[in-house]
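Taken in sequence, the protein lines are chains A and B.
Under my numbering, think of the first position of the first sequence as 1, with each following residue one higher.
Under my numbering, think of the first position of the second sequence as 1, with each following residue one higher.
One should not assume that every hint holds.
Lysine-lysine pairs mimicking DSS-like chemistry, simulated, CA-CA at most 27 Å apart [what the hints assert, rightly or not]:
no., chain 1, residue 1, chain 2, residue 2
1, B, K101, A, K79
2, A, K48, B, K91
3, A, K88, B, K133
4, A, K88, A, K54
5, B, K103, B, K91
6, A, K48, A, K88
7, B, K91, A, K54
8, B, K133, B, K91
9, B, K166, B, K101
10, B, K91, B, K101
11, A, K83, B, K133
To be clear about the criterion: a stretch of chain A counts as covered by chain B if any three or more of its residues have a C-beta under 8 Å from a C-beta of chain B, and this derived list gives those stretches [as the list claims (entries may be wrong)]:
no., segment
12, 1 to 14
13, 17 to 23
14, 65 to 78
Just so you know, these hints were derived from the structure itself, not from any lab.
Cβ coordinates follow ideal geometry from the N, Cα and C atoms, glycine included.
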Amino acid sequence: MRIEVAYARPDTQIVIPLEVSDGTTLAQAIVTSRLLDRFPDIDLNVTKVGVFGKLSQLDAPLREGDRVEIYRPLLADPKAVRKQRAVKNKPMKQKGTDGECGE
Amino acid sequence: MLEAIMALSVLAGLCGLLLGFAAVRFRVEGNPVADQIDALLPQTQCGQCGYPGCRPYAQAIADGEADINQCPPGGATGVQALAELLGREPKPLNPENGVEKPKQVAVIDETTCIGCTLCIQACPVDAILGAAKLMHTVIAQECTGCELCLPPCPVDCISLVDVRDKVETWRWPYPGAPIGAATRRVSSPSVAA
Numbered sequence: 001m002r003i004e005v006a007y008a009r010p011d012t013q014i015v016i017p018l019e020v021s022d023g024t025t026l027a028q029a030i031v032t033s034r035l036l037d038r039f040p041d042i043d044l045n046v047t048k049v050g051v052f053g054k055l056s057q058l059d060a061p062l063r064e065g066d067r068v069e070i071y072r073p074l075l076a077d078p079k080a081v082r083k084q085r086a087v088k089n090k091p092m093k094q095k096g097t098d099g100e101c102g103e
Numbered sequence: 001m002l003e004a005i006m007a008l009s010v011l012a013g014l015c016g017l018l019l020g021f022a023a024v025r026f027r028v029e030g031n032p033v034a035d036q037i038d039a040l041l042p043q044t045q046c047g048q049c050g051y052p053g054c055r056p057y058a059q060a061i062a063d064g065e066a067d068i069n070q071c072p073p074g075g076a077t078g079v080q081a082l083a084e085l086l087g088r089e090p091k092p093l094n095p096e097n098g099v100e101k102p103k104q105v106a107v108i109d110e111t112t113c114i115g116c117t118l119c120i121q122a123c124p125v126d127a128i129l130g131a132a133k134l135m136h137t138v139i140a141q142e143c144t145g146c147e148l149c150l151p152p153c154p155v156d157c158i159s160l161v162d163v164r165d166k167v168e169t170w171r172w173p174y175p176g177a178p179i180g181a182a183t184r185r186v187s188s189p190s191v192a193a
């Protein structure tokens, strides 16, 4: 079956198409793609992986057409970003009547 | 008299069989015109034409429901190509559908992305790699610059940047566009002067 293994950074994005046998797991696909040779700093024990935006396990079997994705952690703290935005938007909200969508 | 009737009925029967065989043997799946139109469309899947994607728009043109000037990413060159294929007069792009822009790709500001996956769900071509609470990254070679990921982003961390031709991506421009561009370039100073 045909699958893809993908890894993306702002400067380089790599999508490797692979032909693998049925029942191949995410880990096997990643090893077959030799992606880790190009990016030795990826540690599969720590890094999260998934298929098409959904987190998955390394030993989960793949299906036809899947794209195995190796993710990177966030740089921003979502709570902090939301707080910043809240502070930034406060004057706007007070100006409006009381809804969130002041615009 | 009887001979003539017999001969004609045998002939009609043979023709019927031949047509029946041809209908089964040379059956065409789908509408080939829609396929040809779809091949000319830019496959940005941006929906600016008013249809959910390039294929439905191609089908609508083939069915005569849509006009050929509703695709801003295809631009004047695209309208020209469609006009040639369908044997119609090319016409200027319908401003209701948008304006022609240079090719762009989306870029995510990593310092503000909160990993909400909303842009991933909006992307019609699966060009964004990421998962919940993990970094989202645009795969530049798959991004069509359709701008559909901009509105859902709650932190406005996606921006579109112009794609500059590199040695690997440069191609001879399609005929039509450069001539128009060249005449425009030639004509505009003369108008100014």
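Evaluated hints:
Under the criterion of a C-alpha separation no larger than 27 Å, the hint pairing K101(B) with K79(A) is inconsistent with the structure, at around 36 Å. The suggested pairing of K48(A) with K91(B) is violated, with an alpha-carbon distance near 51 Å, which exceeds 27 Å. The suggested pairing of K88(A) with K133(B) holds, with an alpha-carbon distance near 23 Å, which does not exceed 27 Å. Only pairs whose Cα atoms come within 27 Å are accepted, and K88(A) paired with K54(A) is rejected, the gap being roughly 32 Å.
About 22 Å separates the Cα atoms of K103(B) and K91(B), which keeps this hinted pair within 27 Å; it holds. Taking the CA atoms of K48(A) and K88(A), the gap is about 33 Å. The hint is violated against a cut of 27 Å. Pair hint K91(B) plus K54(A) does not hold up; C-alpha atoms about 44 Å apart against a cutoff of 27 Å. A threshold of 27 Å between alpha carbons decides the hint, and for K133(B) with K91(B) the separation of about 47 Å lies outside it, so the pair is violated.
With a CA separation close to 18 Å, the supplied pair K166(B) and K101(B) stays within the 27 Å bound. Simply put, K91(B) and K101(B) have alpha-carbon atoms about 18 Å apart, close enough for the 27 Å limit, and the pair holds. For a cut-off of 27 Å, the pair hint linking K83(A) to K133(B) stands: about 17 Å separates their Cα positions. Restraint check on the segment 1 to 14 of chain A versus chain B: 6 residues with Cβ-Cβ distances below 8 Å, three needed, restraint holds.
For the segment 17 to 23 of chain A, the assignment as covered by chain B is violated, since 0 residues bring a beta-carbon within under 8 Å of that chain's beta-carbons and 3 are needed. By the rule of at least three residues with a Cβ nearer than 8 Å to a Cβ of chain B, the coverage given for the segment 65 to 78 of chain A holds, with 9 such residues.
Hint compliance for this structure: hints 1, 2, 4, 6, 7, 8 and 13 are broken, all remaining hints hold.
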